[in-house]
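Use these hints to put chain E onto chain R, whose structure you have.
Note that the protein sequences, when read in sequence, are chains R and E. Under this note's numbering, the residues of the first sequence are numbered 1 to 352, in order. Under this note's numbering, the residues of the second sequence are numbered 1 to 327, in order.
I should point out that these hints are in silico values taken from the structure, not numbers from a laboratory. Keep in mind the model is a prediction, meaning the values are calculated, not measured. Even glycine gets a Cβ: it sits at the ideal position worked out from N, Cα and C. A couple of the hints might just be wrong.
[As the list claims (entries may be wrong)] Simulated DEER-style distance windows between Cβ atoms:
1. R/Ser213 to E/Asp74: 46 to 52 Å
2. R/Gly123 to E/Asp74: 33 to 39 Å
3. E/Leu250 to R/Ser213: 25 to 31 Å
4. E/Ala104 to R/Ser213: 42 to 48 Å
5. E/Thr77 to R/Leu29: 56 to 62 Å
6. E/Gly178 to R/Leu158: 48 to 54 Å
7. R/Val42 to E/Asn70: 29 to 35 Å
8. E/Thr239 to R/Leu128: 40 to 46 Å
9. R/Arg198 to E/Trp16: 35 to 41 Å
[Said to hold, decoys possible] Chain R regions said to be covered by chain E (calculated; three or more residues, Cβ under 8 Å):
10. 141–150
11. 229–239
12. 281–288
[To be verified] Just a sample of chain R residues kept apart from chain E, beta carbon distances all over 10 Å, derived:
13. Arg25
14. Ala66
15. Asp71
16. Glu98
17. Leu110
18. Asn134
19. Asn185
20. Ile189
21. Glu194
22. Ile202
23. Glu211
24. Phe219
25. Asn242
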Amino acid sequence: MTAAPMIVLSQPVVAVTPKSAGRWRRLPLKAKVGAVVLGFFVLAAVIGPLVMPYDPSFSNPAPSLALHAPDAAHLLGTTQSGQDVLSQLLVGIRLTLELALFVGVAATALSVVVGVTAAFLGGLWDDLLSLTSNVFLVIPSLPLLILLLGYLPQKGQLATIVVLSGLGWPWGARVIRAQTLTIRNRDFIAASRETGERTWRIIAFEIVPNEISLIAANFVNTVLYAIGTSVALAFIGLADLNSWSLGTILYWAQSQQALQLGAWWWFVPPGLAVALIGTALVLLNSGIDELGNPRLRDAARGVMIDGHRQRPADPTPVWPQAGPIAPAGPITRALRPFTRSSLLDSRNGGRP
Amino acid sequence: MAFVLRRLVFYLVAAWVALTVNFFIPRAVPGNAVEAIMGKFPTLQPAAAKALSAMLGVGHPGSLWHQYVNYLRDVFTFNFGTDLLQFPASVTSLLGETIPWTLALVGTATVIAFLAGTALGIIGGWRHGGWLDRGLPALMFLQAIPYFFLALVLIELVAERFHLFPTGQGYDGGLIPGWNASFIGSAIYHSLLPALTIVITSLAGWMLQMRNVMITTIGEDYVVAAQAKGLSSRRVVFTYAARNALLPQLQGFGLALGFVVSGAIIMEIVFSYPGIGLLLLNAVSASDFPMMQAIFLVITFAVLLANLVVDLVLVFADPRVRAKEAS
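Excised from the complex, chain R in its bound form (with noise of 0.2 Å):
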């Protein structure tokens, strides 16, 4: 039974990253971009209400100060009733993010339990199980959230996580259901169960961590749809209105006519948080992504075989020994390959 680890050390299924050194330089820039500006918005959440230079509530009584454009004072402008809208964002970002990582940790690991336990159980229950994760996918989440949300008595907070984590993980559900299938099936784990593992063990020590990157893209896509969601949610009133959110900031400035009175620095600061923020993870997920799937990598890793750069989607080239032809725009090379009949008509294969 001791046995067990090591068989598991001896074969691991996904290769083990090098030594931390360099691991950073290896990521794909948009991994590293991604998670620059994610950390700078994460330091705004932290930082923010300690250094934010007036409270986001506090009405200022002057008439001067009421929608306000950006000046030294307040460096985003105030709204209507004088609130300065730097230290609401500061706060907002904070609820909002905060808000997104409760949900995210939540819906992941539903789906990790929901997902784990369908391949395992396999049968009566795999059926069900996928049966209810495959409805609620169909089934469009933001209407039935407006619902529910509309009929709770307190929509505060942990109402909207407790909502959104119990819409959030079918997706997940689906997708680590499938994974566990097939590592289920490898020699490893059929050689710890030969030598008596226990089922939760193996789930817990054997399944899991190797699923851990599929987990973390899930978890990373389970915070951009609370985010999402939860700013529309409270975009539309249904949110604790006296709290500040990036959503309920938006609120206020759609309901207070923002837009008519043309203060764009109250409704364009809190709306460009939230698209940097997706930006960020969606940046992140899709550097991490490459990292994984080599096709997907950047095409500047491709070759350069005497002059010309082979991407690794193309075929074997064949350069024939003609002279210059005549240079082509940006649009007459994309448009070449559909219109040329031949992969071996132009000097370069085919391919500017």
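Quick look at chain E alone, frame taken from chain R:
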């Protein structure tokens, strides 16, 4: 055929789950909807509470099974009760007025975005590493923008500053709705900016998805074989690579539809477009529960129906689906 039947049964199950969830939410959630409504409308007489509870089924008249049967009968006869906000009007008639607007706007714009995004994705996947790839971070940024925020920005930039488009509403206020050229022209003119919003934000998603599937497909042996045979690039791209890459893309279309439609409906609010979104916003802010429930059902059924259509297209387009059933 067996595939179609299985999918049909699946969508029936999904529809039943949606109906049942919709039935149980008001009964399972703590708190009293009637009290919430009475609080929102101080003008209501105390006697109205009784009528309201009967209407919402909160007072639980009859057994649960009895209520459930009644509820299903009401849904299938399109009887969603009376709207609380615009009191004498029925929910069904209000929905009937707004659904065509949303369907025309969101439906058309989503299909355009899907087709354009897929076409761009084919080029982007084939020209992997080319000029389209250099714009990827920008596309990811567009994809991450909430619909309603882009709507706010577009109104500010295009409509308020340069007066190129109207800032909102579905048609010119001076016109009377009808099937005449000036009204239809005005409606189309007013829908251009909202449609643009949907296309800009959802195009990038379809494109990225198609591009990634294309890249994977192009690496397959049969594509290399087709190139080695000396087939024209056009033939290799469209008949060999794109046709196969299109199938995961179509499946993705069905699954992502719910998100796109929900996002687009919330965006309507910013434009004061006379579609479901505005109805939903008003229903939420006034705790108008019958309306919220009906809207949930309408959106869900529309998405389920669209998914069914996608599945039928898949059977038609993909011999592999048919072959799997035959074996």
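Status of each hint after checking the structure:
1. R/Ser213 to E/Asp74: 46 to 52 Å: This hint holds: roughly 49 Å between Cβ atoms.
2. R/Gly123 to E/Asp74: 33 to 39 Å: holds (38 Å)
3. E/Leu250 to R/Ser213: 25 to 31 Å: Taking Cβ atoms as reference, E/Leu250 and R/Ser213 lie about 28 Å apart, which means the hint holds.
4. E/Ala104 to R/Ser213: 42 to 48 Å: holds (43 Å)
5. E/Thr77 to R/Leu29: 56 to 62 Å: 59 Å Cβ-Cβ, so the 56 to 62 Å window holds.
6. E/Gly178 to R/Leu158: 48 to 54 Å: holds (50 Å)
7. R/Val42 to E/Asn70: 29 to 35 Å: With a Cβ separation near 52 Å, R/Val42 and E/Asn70 fall outside 29 to 35 Å, so the hint is violated.
8. E/Thr239 to R/Leu128: 40 to 46 Å: holds (41 Å)
9. R/Arg198 to E/Trp16: 35 to 41 Å: For E/Trp16 against R/Arg198, whose Cβ atoms are near 39 Å apart, the range 35 to 41 Å holds.
10. 141–150: holds (count 8)
11. 229–239: Contact hint for the segment 229–239 of chain R vs chain E: holds, 6 residues under 8 Å.
12. 281–288: holds (count 4)
13. Arg25: holds (20 Å)
14. Ala66: Given a closest Cβ separation of 19 Å, the condition holds.
15. Asp71: holds (20 Å)
16. Glu98: Its Cβ never comes within 10 Å of chain E, the nearest being 19 Å, so this holds.
17. Leu110: Holds, because the least Cβ-Cβ distance between R/Leu110 and chain E comes to about 17 Å, which exceeds 10 Å.
18. Asn134: violated (7 Å)
19. Asn185: holds (21 Å)
20. Ile189: The claim holds: R/Ile189 sits with its nearest Cβ about 27 Å from chain E, beyond 10 Å.
21. Glu194: Holds, since 34 Å exceeds 10 Å.
22. Ile202: holds (31 Å)
23. Glu211: Holds, since 21 Å exceeds 10 Å.
24. Phe219: Fine: 17 Å to the nearest Cβ keeps R/Phe219 off the interface.
25. Asn242: holds (16 Å)
Hint check: violations occur at hints 7, 18; the rest are consistent with the structure.
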